[in-house]
Amino acid sequence: QKVSVEVLDHLEHLALVDFRDSEGVERLQKAIQFADQLHEVNTDGVEPMDSVLEDRCLYLREDDVTEGNCTKEVLENAREKVEEYFVAPPGNIPLPKLEEQDTFLQGS
Amino acid sequence: AALKGGLRSQVSAALKEGRVTPTELCQRCLALIKSTKFLNAYITVAEETALKQAEESEERYKRGQPLGILDGIPVAVKDNFNTAGIETTCASNMLKGYISPYNATVVQKLLDQGAVLLGKTNLDEFAMGSGSTDGVFGPVRNPWSYSKQYKEKSVPKPYSEDEESNWVITGGSSGGSAAAVSSFTCFAALGSDTGGSTRNPAAHCGVVGLKPTYGLISRHGLIPLVNSMDVPGILTRCVDDAAVLLGSLAGHDPKDSTTIQDDFQPFELPNLTDVSKLSIGIPKEYHAPGLSSEILALWSKAADLFRNAGANVVEVSLPHTRYSIVCYHVLCTAEVASNMARFDGLEYGHRSDRKESTESMYAATRREGFNDVVRGRILSGNYFLLKQNYEKYFVKALKVRRLIADDFVKVFRSGVDILLTPTTLSDAAPYMEFIREDNRTRSAQDDILTQAANMAGLPAINVPTALSERGLPVGLQFIGRSFQEKQLLTVAKWFEKQVQFPVIQLEEVKRHDSNVFQHQKSASFS
Chain A
1 QKVSVEVLDH
11 LEHLALVDFR
21 DSEGVERLQK
31 AIQFADQLHE
41 VNTDGVEPMD
51 SVLEDRCLYL
61 REDDVTEGNC
71 TKEVLENARE
81 KVEEYFVAPP
91 GNIPLPKLEE
101 QDTFLQGS
Chain B
1 AALKGGLRSQ
11 VSAALKEGRV
21 TPTELCQRCL
31 ALIKSTKFLN
41 AYITVAEETA
51 LKQAEESEER
61 YKRGQPLGIL
71 DGIPVAVKDN
81 FNTAGIETTC
91 ASNMLKGYIS
101 PYNATVVQKL
111 LDQGAVLLGK
121 TNLDEFAMGS
131 GSTDGVFGPV
141 RNPWSYSKQY
151 KEKSVPKPYS
161 EDEESNWVIT
171 GGSSGGSAAA
181 VSSFTCFAAL
191 GSDTGGSTRN
201 PAAHCGVVGL
211 KPTYGLISRH
221 GLIPLVNSMD
231 VPGILTRCVD
241 DAAVLLGSLA
251 GHDPKDSTTI
261 QDDFQPFELP
271 NLTDVSKLSI
281 GIPKEYHAPG
291 LSSEILALWS
301 KAADLFRNAG
311 ANVVEVSLPH
321 TRYSIVCYHV
331 LCTAEVASNM
341 ARFDGLEYGH
351 RSDRKESTES
361 MYAATRREGF
371 NDVVRGRILS
381 GNYFLLKQNY
391 EKYFVKALKV
401 RRLIADDFVK
411 VFRSGVDILL
421 TPTTLSDAAP
431 YMEFIREDNR
441 TRSAQDDILT
451 QAANMAGLPA
461 INVPTALSER
471 GLPVGLQFIG
481 RSFQEKQLLT
491 VAKWFEKQVQ
501 FPVIQLEEVK
511 RHDSNVFQHQ
521 KSASFS
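First to last, the protein sequences are chains A and B.
Those letters in the first sequence? Residues 1 to 108, per full-length UniProt numbering, in order.
Those letters in the second sequence? Residues 1 to 526, per full-length UniProt numbering, in order.
Mixed in with the good hints, there may be bad ones.
[Said to hold, decoys possible] Example chain B residues on the side facing chain A (calculated, C-beta under 8 Å, incomplete):
{"no.": "1", "residue": "G215"}
{"no.": "2", "residue": "D263"}
{"no.": "3", "residue": "L269"}
{"no.": "4", "residue": "H329"}
{"no.": "5", "residue": "A337"}
{"no.": "6", "residue": "R366"}
{"no.": "7", "residue": "F370"}
{"no.": "8", "residue": "G376"}
{"no.": "9", "residue": "S380"}
{"no.": "10", "residue": "A456"}
These are computed hints drawn from the structure, not numbers from a lab.
Just so we're clear, the structure is a prediction, and the values are computed from it rather than from any experiment.
Where is the CB? At the ideal position from N, CA and C, for every residue including glycine.
Next comes chain A alone, as it looks inside the complex:
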């Protein structure tokens, strides 16, 4: 079963990364095929394992401030900033829908 163009488009929106060409889509198809082998394994009654350290208690430290005041360091690697703010282009503008795009997927 090939992945539909709608799902491919949805993935590009979710990931904010593009397939770029047919090779990229083929890569996903092969990845899914590869992953399908998992279904050969009988996992009835098996609990999912999130962490190999599941039998231990997570470390919680005291809620005390131990570091901070590093605005300069935090901002240092940002390309666009104003005073103590990171500057972003306007938000709340969704990416164009599939029909409006001029990308690889539109042509497929």
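Following the hints, complete the assembly by docking chain B onto the known chain A.
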């Protein structure tokens, strides 16, 4: 010479006695880095800061107050660890020009003990790959490509072919670190290991590669790939040195809540003479399709070695082994999809010039910054995490993960102390051959023997064993019980002593060897 000695037994002693100074060691390594530049093992060489660190170390030795065994020792760090004031790129356009504002905990620990940080080593982009061929700074070349041992076994080409195209890969993704240690440009290097990324290049480059138990060494500052499997890896020229590094890096870190809180005691490795109380397990499923007959024979020979020395060697079964790589594929891409979401161009790293909207800027930044491999894994991961796929793939993989981990528990519970397996399916492939298959296929093939240890969080180590018929290194892997590094390394050290793996004969290294240290050449570190 001094470059070839073990840390505890020789180099440290030489420094304390003043037979060699930290500055000399540092300069020696820097010069060797320059003359082995064609290996492309280093992305950044921090010459100025390294020399400064060496000078400070020298002062301490003069006062008779070295900080420890690592004081003055030149080390290298894989370029996916944050290093304050030094560029950290992960071999990606996404982080070109990114100067870390802080040191990863493991880096800080090394510096606190006086180690001299020579530079950042090359890798596959964002540690995704098994060849160290897919980074933006180009592939790393295996130093053994230029060794006397490999050259004498190379079939001379009928037509005048550039010797250049014959070179073999280092394996990956910590190929730069492995090449750096293998070519004597540093005494130890940090790598990372998520699916075998430290052990695989260690095997191909003929060095010791240790993957510690998950939770033993802090991941704070290691740019994450798979949070539930990543560990910092240790690459050295002998097992004793790996124990020294482990001793200085292990332990709870309040900044990494996945580090265990148990007290860690650094240890010196005993010289094991009696292996009769040892039970070595040989997992039959590790006789994987594609395993070269050479490595199979070596593995068998190693089992005999233990048997003849009195150890109890038994065949065991880890039935879910062949699903480990599939499981890894799903869990890795899923965690990658999440971890790579932080790269949006806003706070650090590459930023696209697109300004119409935040989303279009993010999308363009990521399109420009990531290579095919990274983008491919992000998209696959997002697919497996879609609502309609979540149970079918992601949760299913988590269940299979438990089955894989349980396989090991059962075997260790049955009385087996250590597992002995091959590390790789064959010796290092020539670059031209390696790149004929795509990254995902290669990773799936090459990680098969190393991946399960990451799935179960167990400690594992590659010990260089012998040279292949092509004159290239082949290593074998030992897998131990959780947090039983001392036992694992003790056995590995015994094995290392038995096999006496040959020293690489590199023209560049010979030229740098000073006659002053001739008398140290005969001292072996076993």
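A quick look at each hint next to the structure:
1. With its C-beta approaching chain A no nearer than about 5 Å, G215 (chain B) sits inside the 8 Å limit, and its interface hint holds.
2. With 8 Å as the threshold, the beta carbon of D263 (chain B) stays out of range of chain A, its nearest partner Cβ sitting at about 14 Å, so the hint is violated.
3. Hint status for L269 (chain B) relative to chain A: violated, with the closest Cβ pair at about 25 Å, above 8 Å.
4. Proximity of H329 (chain B) to chain A holds as hinted, the smallest CB-CB distance being about 6 Å (cut-off 8 Å).
5. At about 7 Å, the closest approach between the beta carbon of A337 (chain B) and any beta carbon in chain A falls short of 8 Å, and the interface hint on this residue holds.
6. Given the 8 Å rule on beta carbons, the hint for R366 (chain B) holds: about 5 Å separates it from the nearest Cβ of chain A.
7. A distance limit of 8 Å between C-beta atoms decides the matter here; for F370 (chain B) the minimum to chain A is near 7 Å, and the interface restraint holds.
8. Restraint check, G376 (chain B) versus chain A: the minimum CB separation of about 5 Å is within 8 Å; hint holds.
9. A distance limit of 8 Å between C-beta atoms decides the matter here; for S380 (chain B) the minimum to chain A is near 4 Å, and the interface restraint holds.
10. At about 6 Å, the closest approach between the beta carbon of A456 (chain B) and any beta carbon in chain A falls short of 8 Å, and the interface hint on this residue holds.
Going through the hint list in order, the structure does not satisfy hints 2 and 3.
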